[in-house]
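Novice: So the chains spell out like this:
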Amino acid sequence: MCLAIPMQVVEIKGGSDELLDPCVALVESDGIRKEIRLEMADRIPLVGEYVIIHAGFAIRTLTVEDAEYNLKLMRQMAETLEHQGRLPGAPE
Amino acid sequence: MKCADEFRSRAITAPLVEEIIRSLVRPLRIMEVCGTHTMSIFRHGIRSLLPEGLTLLSGPGCPVCVTPASHIDAFVAAANLAQVTIATFGDLIRVPGSNGSLATARAGGARVEIVYSPMDALTLAQQEPERLVLFPAIGFETTIPTIAATILQAERLGIENFLIIAASKTMPQALEALMADPELQVDGLLCPGHVSAIIGSDAYLRMAERYHLGCAVAGFEPADILAGLLSLIRQHNEGTPKVDNCYTRVVSPEGNLKAQSLINEVFMPADSEWRGLGVIPGSGLVLREKYSRFDGMLRLEIPLQPTSETKGCRCGDILKGRLLPPDCPLYGAACTPLQPVGPCMVSNEGTCAAYYRYSGQKVSHRKIAKDTTTP
Ligand code: SF4
Numbered sequence: 001m002c003l004a005i006p007m008q009v010v011e012i013k014g015g016s017d018e019l020l021d022p023c024v025a026l027v028e029s030d031g032i033r034k035e036i037r038l039e040m041a042d043r044i045p046l047v048g049e050y051v052i053i054h055a056g057f058a059i060r061t062l063t064v065e066d067a068e069y070n071l072k073l074m075r076q077m078a079e080t081l082e083h084q085g086r087l088p089g090a091p092e
Numbered sequence: 001m002k003c004a005d006e007f008r009s010r011a012i013t014a015p016l017v018e019e020i021i022r023s024l025v026r027p028l029r030i031m032e033v034c035g036t037h038t039m040s041i042f043r044h045g046i047r048s049l050l051p052e053g054l055t056l057l058s059g060p061g062c063p064v065c066v067t068p069a070s071h072i073d074a075f076v077a078a079a080n081l082a083q084v085t086i087a088t089f090g091d092l093i094r095v096p097g098s099n100g101s102l103a104t105a106r107a108g109g110a111r112v113e114i115v116y117s118p119m120d121a122l123t124l125a126q127q128e129p130e131r132l133v134l135f136p137a138i139g140f141e142t143t144i145p146t147i148a149a150t151i152l153q154a155e156r157l158g159i160e161n162f163l164i165i166a167a168s169k170t171m172p173q174a175l176e177a178l179m180a181d182p183e184l185q186v187d188g189l190l191c192p193g194h195v196s197a198i199i200g201s202d203a204y205l206r207m208a209e210r211y212h213l214g215c216a217v218a219g220f221e222p223a224d225i226l227a228g229l230l231s232l233i234r235q236h237n238e239g240t241p242k243v244d245n246c247y248t249r250v251v252s253p254e255g256n257l258k259a260q261s262l263i264n265e266v267f268m269p270a271d272s273e274w275r276g277l278g279v280i281p282g283s284g285l286v287l288r289e290k291y292s293r294f295d296g297m298l299r300l301e302i303p304l305q306p307t308s309e310t311k312g313c314r315c316g317d318i319l320k321g322r323l324l325p326p327d328c329p330l331y332g333a334a335c336t337p338l339q340p341v342g343p344c345m346v347s348n349e350g351t352c353a354a355y356y357r358y359s360g361q362k363v364s365h366r367k368i369a370k371d372t373t374t375p
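Keeping their order, the protein sequence lines are chains L and V.
For the first sequence, position 45 matches number 45 in this note's numbering, and the numbering has no gaps at all.
For the second sequence, position 159 matches number 159 in this note's numbering, and the numbering has no gaps at all.
Keep in mind that the hints were calculated from the coordinates and are not lab data.
Take the hints with a grain of salt, since some may be wrong.
With a Cα cut of at most 25 angstroms, we get these calculated DSS-like pairs of lysine-lysine [unchecked claim]:
| # | chain 1 | residue 1 | chain 2 | residue 2 |
| --- | --- | --- | --- | --- |
| 1 | V | Lys258 | L | Lys13 |
| 2 | V | Lys311 | V | Lys258 |
| 3 | L | Lys34 | L | Lys13 |
| 4 | V | Lys258 | L | Lys34 |
Derived CB-CB ranges, DEER-like [said to hold, decoys possible]:
| # | chain 1 | residue 1 | chain 2 | residue 2 | range |
| --- | --- | --- | --- | --- | --- |
| 5 | V | Gly278 | L | Arg33 | 38 to 48 angstroms |
| 6 | V | Ile21 | L | Asp17 | 53 to 63 angstroms |
| 7 | V | Arg47 | L | Asp21 | 47 to 57 angstroms |
| 8 | L | Ser16 | V | Arg131 | 25 to 35 angstroms |
| 9 | V | Leu298 | L | Thr63 | 38 to 48 angstroms |
| 10 | V | Arg288 | L | Asp21 | 17 to 27 angstroms |
| 11 | V | Leu298 | L | Asp21 | 24 to 34 angstroms |
| 12 | V | Leu304 | L | Glu28 | 37 to 47 angstroms |
| 13 | L | Thr63 | V | Gly278 | 38 to 48 angstroms |
Stretches of chain V that chain L covers, calculated by requiring three or more beta carbons in the stretch to come under 8 angstroms of a beta carbon on chain L [to be verified]:
| # | segment |
| --- | --- |
| 14 | 118-131 |
| 15 | 138-148 |
| 16 | 191-201 |
| 17 | 286-297 |
Note that the Cβ used here is the ideal one computed from N, Cα and C, for glycine as well.
All chains should be modelled from the sequences, with the hints used to inform the complete structure.
Specialist: Written as structure tokens, this is what we have:
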């Protein structure tokens, strides 16, 4: 039931009243916009940031750098392995 | 999406696989706890990349599969009431209880709608004020806060015709119960990514210490899963089991505190029955007194009746990692995704269904054995 792919936020809507109009995020994928609830997001995302979604709710906000940094780490992991045959940080 | 493609690319996975093969010095049994991991492992053919000595067992991490027949019966009883509309996650509707499923109730005239989010069920309740809309609240820690937030929203908006049947479950208690079973032989746990996003990687510390068991929290892409497996192999080789968070872009040690407080506001722990595993103390959640007006069983006066397990189905042993699906005599014969007998074959994330779809093994071992011995 878990969706692993982060979705990019294109707009933040609502928020005029914390109780009756809590803000929601619009995310876009394949040209379709979907409204995502933010009650359980660790923080409210900025437009352009990513969210991980479960059952219509954002469960985690990822900065663009977060996503890219992690990708870079994974790439480095791969390269180091190719050169040295072991992961960075692994015991000698 | 670009991001996901990069995590799948061979440039990243191939060296990880090589390192796993190099590191594995003795046979290991690793349990992947989460149904989404099970699916991802099959879909990306990860099993076929791994060395022979590394056995992957699927654990009790598919919420549909562990929902006991007694709860399914309660959902069906509610569906059969004339004024009730069931709004449910799609996976649940074909799961058999002791007397039919939500799908059979629907064929008999009951109103059963599929929703993607509990919030969609609430919207349905707003659109149809003359009906009682009931959401079967199954799921683990990732789903539970979404249900709690929906209840709070219903409370704020004063919506009277929205109900749930609380049937959610919490993971650490079930894992502890499993690990305490002396018959279970597991050398490491691949911990679920998004459950851990909520409860935090620290939630497994006790388990790592008490059972001397390596734990690795992993995401769902092939590279994530392989990195998790590699961590578990290394922990084992070094004799230092711990909790290794291999999904730091999403999981923190303490988890998502906002989501945790949503859960605590609306629900409280209770003993809970798991299909195939029996009652596990403190492993379920029920509505707090304050929110009991949303309790469908209370308002519709539906009792929870004890049931027996589906005859011949070995889901219990499969959820405990004792058997693989083809070890079940019904696998591929009486039980297929089109005609499921047990919940592990119904759910998309069920181990039997994943095996059937992706492993190429379409008949039970027992059947093969029989066929080859009869001339
Ligand atoms: S193959 Fe079918 S009957 Fe056998 S354990 Fe799996 S779900 Fe149950």
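Novice: Hint by hint, work out which the structure violates, then give me just those numbers in ascending order.
Specialist: Hint check: 2 and 17 fail, others pass.
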